[in-house]
Structures are given as C-alpha cells and as structure tokens.
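Trainee: The listed protein sequences derive, respectively, from chains A and B. Quick note on the UniProt record's numbering: the first sequence kicks off at 1 and runs consecutively. Quick note on the UniProt record's numbering: the second sequence kicks off at 1 and runs consecutively.
Just to be clear, a hint being listed does not mean it is correct.
The list makes no distinction among identical chains, and a pair is therefore deemed to hold if it is satisfied within one copy or across any two copies.
Listed below are the simulated SDA-like cross-link pairs for lysine to any residue, each with C-alpha atoms no more than 20 Å apart in a straight line [as the list claims (entries may be wrong)]:
{"#": "1", "residue 1": "257", "residue 2": "328"}
{"#": "2", "residue 1": "209", "residue 2": "60"}
{"#": "3", "residue 1": "257", "residue 2": "280"}
{"#": "4", "residue 1": "208", "residue 2": "176"}
{"#": "5", "residue 1": "42", "residue 2": "259"}
{"#": "6", "residue 1": "257", "residue 2": "41"}
{"#": "7", "residue 1": "42", "residue 2": "139"}
{"#": "8", "residue 1": "208", "residue 2": "220"}
{"#": "9", "residue 1": "257", "residue 2": "282"}
{"#": "10", "residue 1": "42", "residue 2": "136"}
{"#": "11", "residue 1": "42", "residue 2": "108"}
{"#": "12", "residue 1": "209", "residue 2": "258"}
{"#": "13", "residue 1": "257", "residue 2": "108"}
{"#": "14", "residue 1": "257", "residue 2": "285"}
{"#": "15", "residue 1": "42", "residue 2": "112"}
{"#": "16", "residue 1": "257", "residue 2": "196"}
{"#": "17", "residue 1": "42", "residue 2": "116"}
{"#": "18", "residue 1": "39", "residue 2": "175"}
{"#": "19", "residue 1": "42", "residue 2": "20"}
{"#": "20", "residue 1": "257", "residue 2": "329"}
{"#": "21", "residue 1": "209", "residue 2": "305"}
These are computed hints drawn from the structure, not numbers from a lab.
There are 2 protein chains.
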Amino acid sequence: MTKRVITSIDVARLAGVSQSAVSRAFSTTASISPATREKVFKAAEALNYKPNRIPSIMLTGRSGMIGIIVGGLRNPLYGSALEQLSAGIREAGFQVLLVQVMDTVTLEMALDTLAGYRVDALITALAIGSEDTAAALSALNIPVICFNSALIGPGISSVRSNNFDSGRRVAALMQEWGVERPYWLAGPVVNAASRARRAGFLEGWGAKKLSVTELQGDDHYDSAFSAVSEALRAGHRPDGLFCSNDLMGCGALDALKDTGGMSCPEDVVVVGYDNIPQAAWHSYQLSSFDQRPDALVAASLDILARSLSAPDERLSETHVIEADLVLRRSTSRTLAP
Amino acid sequence: MTKRVITSIDVARLAGVSQSAVSRAFSTTASISPATREKVFKAAEALNYKPNRIPSIMLTGRSGMIGIIVGGLRNPLYGSALEQLSAGIREAGFQVLLVQVMDTVTLEMALDTLAGYRVDALITALAIGSEDTAAALSALNIPVICFNSALIGPGISSVRSNNFDSGRRVAALMQEWGVERPYWLAGPVVNAASRARRAGFLEGWGAKKLSVTELQGDDHYDSAFSAVSEALRAGHRPDGLFCSNDLMGCGALDALKDTGGMSCPEDVVVVGYDNIPQAAWHSYQLSSFDQRPDALVAASLDILARSLSAPDERLSETHVIEADLVLRRSTSRTLAP
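Here chain A stands alone, though its shape is the one from the complex (with noise of 0.2 Å):
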C-alpha cells in the first residue's frame, strides 16, 4: 500500500495527458476540451486523487478560507451561531479556520497564525473588544466582522443586538408590570454586550428614579445561583431582575424557588437574554431576548460577500439587530392595578 499523496503527476501519466492538462481540468476558467477533462477525471478517480489547493493559494494569495475567533463554546448562543455561520461560510464556497481564544495575549498570536495561512476574512465572535484589538484587526488588510461585539476601525464591521435598548425596554416593562425593587444579574466585565444592556436598564429606571440593585455573575449557571442565593440570604427580595443572558436567567430561576421559596411570576418576574433552547423548557419557561442568530448570521455573511468583492474599500459598517422578547412564564404577570 502506498502512502504518499497522489499527485497531479500520478494523474497525467495514467490519463496519458500533460500535468497542465490535470490542472486545467479541474479549474472552472481554464480551457480545456470535453474528452481530455473525461480522461483526466476517470484517472483521477481511480487513483482517488484530489486536487490541491495550496498552489492556487500561492497564486492568488487568497486560501478561500475565512478565520473565525471564538471565546468558548460552552454557551449554547455560540454553539448554534457557529453552526450556522459555518454552514453559510461553506454555501459561499468558503472554508472554516476555526481559532479559539482565551485573551488578548492568544489574540495576537490568533492573528498571527490566520495571517499566516491567507486567511481572505475575519470574524470575530469574541467579548474581548479594547481599541487595541480593533488596531490590530485593522492592520491585517482583510475584512474583519465582529459578531455581537461594536470594534470600529478600517474594514471592521460589526453585527450585534440592539443591547441597551433592550435594557430599557425591560426597564419599561417591568415598570408596567408594577416591578418597585428591580434587580441586575451582570456578565464579566470585559463583556460589553452585557454592559449595554446594563446601561440601558439603568437608564430605564433613572427616569422612575428608582435605584438598581446590581448583582455580578459571569455569564455561567452557577454563578448565577450563588449570587442570587446569597441575595436572598442577605434579606434582599427582588420582584424584578433582569440577567444579561439565559444561562444565569435559569440559575437566578432555581435560586429564587430553591433558596428563596419564591413563585415565578408572583412574586418576582425574570427576563434573561440570548433565547437559549434552555429558556424555553419546561422547568424555566423564562422571557428572553432572541437576538435572532439567524439575522446576525446572514448580516455577517452579506458584509462578508461584499467586503470580499470589493476589498479596496475597507468596508466598516455597524449593523444592529433587533432582538425579539418572547414573553413566557417567568414575566407572565397581568398590567398593574
């Protein structure tokens, strides 16, 4: 058995073409008759030869692969958006290089590598979003998306969720709802989605002038139901928070019932944010904001074909998406007397 690779070479001698012919058959522009790209593909399918890409990327300079950053995986957000963003990236005909990041310091060293490997565009799905990063995305010369972060810079543009809104829009609900204690279960810092939507629940209470009790989780279940818990066991009696994404929504959910003894509308309503397929089970039913994957998706993928046919103009644009609120259990509480 052989283990060398099949070449183009292999190809030629057993079609008895030239190897120009073997390469020309396989490329959509180049001239070729119909009987000698039937010879070259019945000895290529014999020797169950692929053809290879890499001397097509030395020409062009372009891989045909789009780098794509992640900050982790573990929040079903992600893991959904990255399927589909990947299925639409291979639809364009695209590759996925798929590079995960810690911190800013394997950042860097992210950037070098996609670099490295021609990477023809960027997206970025990270939390992480200081002036610097936005520099040094903007050195590379490719078009670079930011997905659900707000980096500016010369062809950076980003996607995201209409996050403060959002965050007013709660604010007002819950005013509606006759909320008088309303409380705020934050992301990490560095997560500046969740500090937009902070901002804006805040100043959707500074109009009431009603202060925000602010609670700090990090994004995960059980922070969340550590926080909350502690709250409770603190004397604190929310009857509305408000938490910056549905993983900690469904802890801050246990918490209130488990440690608190709490009914979810009665006495406390819950909105979370993400519309993870957790937030719509049973045990939960928690109101959340969808920020709609798939409209942030087919943004990123249309910025991405017109960067891409136009790179000269070093397209930046922000794009802000909607997010729908669907209301479910957790907040299904009648207008205020």
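For chain A, the structure is supplied; the task is to place chain B on it using the hints.
Mentor: Positioned in the frame of chain A, the structure of chain B alone reads:
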C-alpha cells in the same frame, strides 16, 4: 493606505538583507546570525509583516492544519468537546480547519475539500458511520481519529465511551432499585453510540426475562418531552427510564412531572448520558454518565501525536474510555426492600 499584503520582499528591502534571510529568520531550524535576525524582526514589526505559511506547505506537503468534522454543535457536549479539542490541537502547534456536515453526501464533499487543503490529519466527531465512510476516510492516506464513534480501517483510530457496558450497568442498578417496568428512550437510528447503549441495556434486562418498552426520540429535548408525554397519556407508567442522552433526559423529567404528575425518584428513576451542565441544574438533578471529554480528548491528541510522527505505520487503535456514572436526585432511591 496600502491594501496589498506585506511580503518578505518588503521586509528584506527595509532590513537591507536578502529575501532568503527573511525566510531563515522566521524558521526555527534554519541557520542565521542573531544580528541579521534582529534586523529582520525590527523591519517586520515596522511593516506589520506576518510570515506566509503557504510556501512551506507547498514544499513540505504538510499544512499544519488538522481537519475537524462535526455534525452539529447544539448538544452542549459537542460544544465543550470541540472547545477542548481545538485548544489541545493549538497547543500542539496545529490549526483547526472546521467542517460541518449534515449527511453522508456533504461528508464526501468535505473529504475532498480537506484533502485539497492538505490537512495533516482528521478528527471526525460524527454519529454517521458506514463501511463506505470508513473506506473513504482510509483512502485519504492521512491519520484519522473517530471521536465517539467506532469506525475501523487502516489509518483510522477510534476513541469512544464504553456505551454497551454503561447500558448493562444501568439495567443492573435499576434491578437493585426494584424497577419492574423499564423503558428506553432512543436517539436517532443513525446514532451508533445510542444503539450500543440500547443493546447493553436490553441485554441487562434480558437476563431477568423482563422486556424493555422502547420510545423513540431524536437526541433533543422536545422529542423526549413529546415521546414520554404521549406514552403517559396512552397509559404507560414507567418506573425506570434510561435516556440515550441528557438533553432527552431533561425533556423526559419535565414530561414525567408536568404531563404524568409523577415524582422522581419516588415514582420513577431516570438516567441520562453525557453529563452536560444542565444535568446538574437544580430543576433536573439528573443522574448521568460522564463520558469524561477530557479523557476522550487526551486520548485523541495522544493518537494524533503518535500517528503524525510515524505516518507509515497507518496506526489503527481503539481506545474505550470508561464513563463515570454521576448519581443525582433522579435516582436517589434506596435499594429495593
């Protein structure tokens, strides 16, 4: 503003050295004086030059990329495993080319693509697993690791959980707990792991001459909620239920409670598989098999390293990782009287 990519020629010009000196400066093996390397690095930094990986792929036929084929990322287990796999691959100095496939047709296209990019090895995390698939994977002539499936062939290794034994173990435990009406909730028929869990469970009950009632799900929460609710409305009263995965286990628990008005573990014990974070959430507390993704990933990376260092051996190994049964409230029943 320049839009073109900075090349080694630009760096050579600014540093006042030859283009070959630039290549040698960025190679870890080539010989070059420290002073020249310093000059090159300074010029490279000034120009924001990223060394091109493509020429070296041309020369060596090795891309430094590992292809990962996934079928879907909505199950939190796969998001978490992909996160760990890609971190490990990166630590080993490789990049991840991610391909998402939905069926055997897209799988064949994916294999052509991956071969075209000259990936050095391939990890598949697919439930799909026919003999044709195995043949196509073998024909790639690169190391292939099947993550959590059981394909066999030259150059193909597999790393998976001991699904059959786990199924038998659940049957034995349920017998100790006094279960008399055992139920099995299956994943889709194409899921080989699900079939193995079922086979073990049925064999375990066969010895007792008790037959198992089988329900059909599709690995997701909603399918389990529907299948179990329907069975309950048709008069079924399981006192032991083994679910092929945790997403379905959570759906089953909600159906038993909400549709059947049954208490768990008093009326019925439930066991799942995967030990996803949701299994530990307070509303579920589902007993489950932890497949130890750390161990699965570590075994995969170990095979990968050995395969890459001796490609001529066409390594073909099977590693079965024993799953840990994590007992929680859903089975906290004292032994039968």
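Trainee: Next, verify each hint and record whether it holds.
Mentor: Against the structure, the hints:
1. 257 / 328: The answer is both: 17 Å in one copy and 19 Å across copies each meet 20 Å.
2. 209 / 60: Neither. Shortest intra-copy (61 Å) and inter-copy (68 Å) distances fail the 20 Å Cα cut-off.
3. 257 / 280: both (17 Å within a copy, 16 Å between copies)
4. 208 / 176: For residue 208 and residue 176, only the intra-copy Cα distance (12 Å) is at most 20 Å; the inter-copy one is 61 Å.
5. 42 / 259: Neither: 70 Å inside a copy, 60 Å across copies.
6. 257 / 41: neither (66 Å within a copy, 60 Å between copies)
7. 42 / 139: between (46 Å within a copy, 17 Å between copies)
8. 208 / 220: neither (30 Å within a copy, 43 Å between copies)
9. 257 / 282: both (15 Å within a copy, 10 Å between copies)
10. 42 / 136: between (48 Å within a copy, 17 Å between copies)
11. 42 / 108: between (46 Å within a copy, 18 Å between copies)
12. 209 / 258: neither (32 Å within a copy, 41 Å between copies)
13. 257 / 108: neither (44 Å within a copy, 50 Å between copies)
14. 257 / 285: This pair counts as both: shortest intra-copy Cα distance 13 Å, inter-copy 15 Å.
15. 42 / 112: For residue 42 and residue 112, only the inter-copy Cα distance (16 Å) is at most 20 Å; the intra-copy one is 41 Å.
16. 257 / 196: Neither: 28 Å inside a copy, 38 Å across copies.
17. 42 / 116: Close across copies (18 Å), not inside one copy (35 Å); limit 20 Å.
18. 39 / 175: neither (74 Å within a copy, 65 Å between copies)
19. 42 / 20: So residue 42 and residue 20 pass the 20 Å test inside one copy only (16 Å; across, 41 Å).
20. 257 / 329: Intra 14 Å, inter 17 Å, cutoff 20 Å: intra and inter.
21. 209 / 305: neither (47 Å within a copy, 62 Å between copies)
When held up to the earlier numbered hints, the structure conflicts with 2, 5, 6, 8, 12, 13, 16, 18 and 21 and fits the remainder.
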